[in-house]
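The opening residue of the sequence shown carries number 37 in the working numbering; numbering runs sequentially from there.
Worth double-checking, as some hints may not be accurate.
[Said to hold, decoys possible] Label-pair ranges, simulated between beta-carbon atoms:
| hint | residue 1 | residue 2 | range |
| --- | --- | --- | --- |
| 1 | Lys67 | Ser87 | 17 to 23 Å |
| 2 | Asp122 | Asp59 | 30 to 36 Å |
| 3 | Asn131 | Lys108 | 19 to 25 Å |
| 4 | Asp69 | Asn143 | 29 to 35 Å |
| 5 | Val128 | Arg100 | 18 to 24 Å |
| 6 | Trp138 | Met37 | 24 to 30 Å |
Derived by calculation from the structure, the hints in this document are not laboratory data.
Here a beta-carbon is modelled for each residue, glycine too, at the ideal position from N, C-alpha and C.
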Amino acid sequence: MHKSAGIIIKDGSLLVLRSKGKDTFYAPGGKLDSGETSEQALCRELQEEVSIAVKEDALTLFGRFEAPAHDKDGITLVMDVFFVNDYSGEVVASNEIEECQWVDSSNVDDIAISTIFRNEVFPNLVEQGLVK
């Protein structure tokens with residue numbers, strides 16, 4: 037399974053989302069549609085999930101990560117993670133999103149976050165001084 041995800045940081049906190057009916061928070065993004073690049077998929081998903089407009093040239097690749105897919109036995113998730121350097125609009129949860137939350141080191145352990153972001157991305161952002 038191939039997905040793309042966006043790193044959106046505000047005031048030293050990382051944006052994470054929780055879909056309706058789910059327990060785990062994740063970074064905005066989602067599966068690539070047929071024929072889409074990771075960048076195209078992320079721009080589409082950001083509009084769908086949190087109502088912000090992002091241009092592909094506002095994305096910078098942070099890294100490609102692999103991990104077992106959450107709640108899908110035997111499936112490996114490949115995730116391209118991008119910094120979202122600029123966007124227009126305000127972050128507002130769409131109908132499919134139950135909750136948006138900004139997390140930093142003081143509250144990240146209070147919620148369940150997807151494996152790749154908990155184990156790989158978040159610690160790296162803290163180490164770089166981008167997230168408190």
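### Query
Holds or violated: 19 to 25 Å for the Cβ distance of Asn131 and Lys108?
holds, 24 Å
### Query
CB of Asp69 to CB of Asn143, is that within 29 to 35 Å?
For Asn143 against Asp69, whose Cβ atoms are near 33 Å apart, the range 29 to 35 Å holds.
### Query
Quick one: are Lys67 and Ser87 within 17 to 23 Å, going by C-beta?
holds, 19 Å
### Query
Between Val128 and Arg100, does the C-beta distance stay in 18 to 24 Å?
The hinted range 18 to 24 Å is violated for Val128 and Arg100, with Cβ atoms some 29 Å apart.
### Task
State, for the Cβ atoms of Trp138 and Met37, whether the hinted interval 24 to 30 Å holds or is violated.
For Met37 against Trp138, whose Cβ atoms are near 27 Å apart, the range 24 to 30 Å holds.
### Task
Can you let me know if the beta-carbon spacing of Asp122 and Asp59 is within 30 to 36 Å?
holds, 31 Å
The structure does not agree with numbered hint 5 stated previously, though it agrees with all others.
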